[in-house]
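K.L.:
Model the full structure from these sequences, guided by the hints.
Chains as they are written, first to last, in the working numbering: chain A, 1 to 186; chain B, 187 to 475.
No wet-lab data here; the hints were simulated from the structure. Among these hints, one or two may not hold up.
Okay, the calculated bits of chain A under chain B, using three or more residues with CB under 8 Å as the criterion [unchecked claim]:
| # | segment |
| --- | --- |
| 1 | 14–20 |
| 2 | 97–103 |
| 3 | 121–134 |
| 4 | 137–148 |
| 5 | 151–161 |
In silico DMTMM-like pairs for lysine to aspartate or glutamate, Cα to Cα no more than 25 Å straight-line [to be verified]:
| # | chain 1 | residue 1 | chain 2 | residue 2 |
| --- | --- | --- | --- | --- |
| 6 | A | 114 | B | 381 |
| 7 | B | 286 | A | 145 |
| 8 | B | 246 | A | 150 |
| 9 | B | 286 | A | 99 |
| 10 | B | 258 | A | 119 |
| 11 | A | 106 | A | 51 |
| 12 | B | 258 | A | 145 |
| 13 | B | 430 | B | 405 |
| 14 | A | 106 | A | 119 |
| 15 | A | 64 | A | 51 |
| 16 | A | 106 | B | 260 |
| 17 | B | 250 | A | 119 |
| 18 | B | 246 | A | 107 |
| 19 | B | 250 | A | 145 |
| 20 | B | 319 | A | 99 |
| 21 | B | 286 | B | 261 |
| 22 | A | 114 | B | 211 |
| 23 | A | 106 | B | 318 |
| 24 | B | 246 | A | 158 |
| 25 | B | 286 | A | 125 |
| 26 | A | 43 | A | 132 |
| 27 | B | 286 | A | 51 |
| 28 | A | 114 | B | 261 |
| 29 | A | 114 | B | 260 |
| 30 | B | 258 | A | 125 |
Every residue gets a Cβ at the ideal spot worked out from N, C-alpha and C, and that includes glycine.
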Amino acid sequence: MTGAMKRCATKAKPARILVLTLGIALTLSGAVPLLMRLLADTKPNVEINFDTAGPRQVEDTTQKAILRDYTSAWQAMVTALANNNAGPLRQNFVGFALDRFTQRIKDQQSNGVKTKIIDHGHKVDAIFYSQDGSAMQLRDTASIETQVLDGDTVIHSDQTQIQYWAVMTSAEDRWKLRVLESLPMQ
Amino acid sequence: MRKLILIALMAIACWYAVDSANAAELRVSSNAVAGQPISITASGEGDGTLYLVGPGQVIKRSVKLGNDIQIKGEELRTAGRWIAVVRSGGNSQSQAFWVKPGQPENINFLARPSRVPVSQQNAISGTVFVFDKFNNWVLGPVPVNFSLSVNGAGVNRTITSHNGVAWIQTSSASRGGAAQFVASVGTASVRRVIEQVASQPCNLRMHLSQRTQNRIIVETDPVRDCSGNAVPDGTIVTFTQSEKKGRSTVDARIKKGIARAELPASDNAMISVAAGYTLGNELHVGGGQ
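P.N.:
Written out as structure tokens, the structure is:
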């Protein structure tokens, strides 16, 4: 009886391992894309120093709104460029910046190219806050990892610090990014 | 066995050398300016694909390696960080390069407010952002001219932009009217209209216009601000009649420059007039007056 049980257990072992392996593979196949999606949608880390702004002092509520909306604009840009979908831009961008990124997404679509940006954070100084409280200029030192993909093939990858100059203007219910210009680090 | 390993290593080394020789090396002009042509040199032989990924554009085209690749000025419109990639035979070579903005040719002008009382200190502000003809932000210093005038008279000032921004704050004129607020850079000029309206009434005066057995009609002189501008029709003027029996108040709107109110007749009353925080004269009504 004992011998028969041992034989049965020996036969069952590979089957268990197989089932376990399949289970793990199945879990991973579901979890990895979900995790990647979650990571992609994570808001970038943005720190803004408002003490450097002038000529008008930035109000507390405006500080919170700028931090929220600048972060949201970057998140929208990363999502839009990665998915070749200009939709997320419209809520966060306006004017020249909206025109520019919309055109880039059109170009990416027509050439089968995508840009994946892995955002490692922003250190921002508010430089100018207009007297009438309608426009704010920001100087952003961003740590950015950029991957250019043709189809699914990564054809370029780099990680660098880039200085961005931005103008945000107050819109109907939020601040929107009106200008975003990149410069080499000085 | 050793020989076999040696042969294998040599084969790998040769394959790597051939692959490296075929791989393109990229050289991009270092002083690229938006709207101006550049050349890109990709070393190597055969055909390849060039990708140019810029802030607002993506260009992809087939190229012959070993030749200079010309990029036209109108193709290179956006300033900022670009990435050039040449792909050939499964290998990619890439280089990041910077494109500077062109000459200032365009401005964004934010002017506030659209309507302002006359003679207000620092009530008008104007902010200009300077761009090139492709709407790239020009962060270098640029002289920006601001002028604010009503009927040809006003202020004119030149401010040099700092980090792409020039701004001005100025007082409204003493005369009412549509002020032309103009910002200009070179030949680019943007105009905004700021309506300068009369300020608070000044020297508010009323007189008895008519008196009957049952009513008293009082009316103001033409209501003007301290600079002599007519206060707009619709502005409310409050007349108050105080007597022993109590108080009567009438809020009257200025019509054709004058406010008028009808009050109950009284033998002994004091009538006062006010508009906003301006108090006018008082009238004593009673007896034979």
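K.L.:
Give a verdict on every hint.
P.N.:
Now for the hints, and whether the structure bears them out:
no., hint, in the structure
1, 14–20, "violated (count 0)"
2, 97–103, "holds (count 4)"
3, 121–134, "holds (count 6)"
4, 137–148, "holds (count 4)"
5, 151–161, "holds (count 4)"
6, A:114 - B:381, "49 Å, violated"
7, B:286 - A:145, "22 Å, holds"
8, B:246 - A:150, "10 Å, holds"
9, B:286 - A:99, "19 Å, holds"
10, B:258 - A:119, "32 Å, violated"
11, A:106 - A:51, "39 Å, violated"
12, B:258 - A:145, "29 Å, violated"
13, B:430 - B:405, "23 Å, holds"
14, A:106 - A:119, "22 Å, holds"
15, A:64 - A:51, "14 Å, holds"
16, A:106 - B:260, "17 Å, holds"
17, B:250 - A:119, "35 Å, violated"
18, B:246 - A:107, "9 Å, holds"
19, B:250 - A:145, "30 Å, violated"
20, B:319 - A:99, "14 Å, holds"
21, B:286 - B:261, "14 Å, holds"
22, A:114 - B:211, "23 Å, holds"
23, A:106 - B:318, "23 Å, holds"
24, B:246 - A:158, "19 Å, holds"
25, B:286 - A:125, "22 Å, holds"
26, A:43 - A:132, "30 Å, violated"
27, B:286 - A:51, "29 Å, violated"
28, A:114 - B:261, "19 Å, holds"
29, A:114 - B:260, "23 Å, holds"
30, B:258 - A:125, "36 Å, violated"
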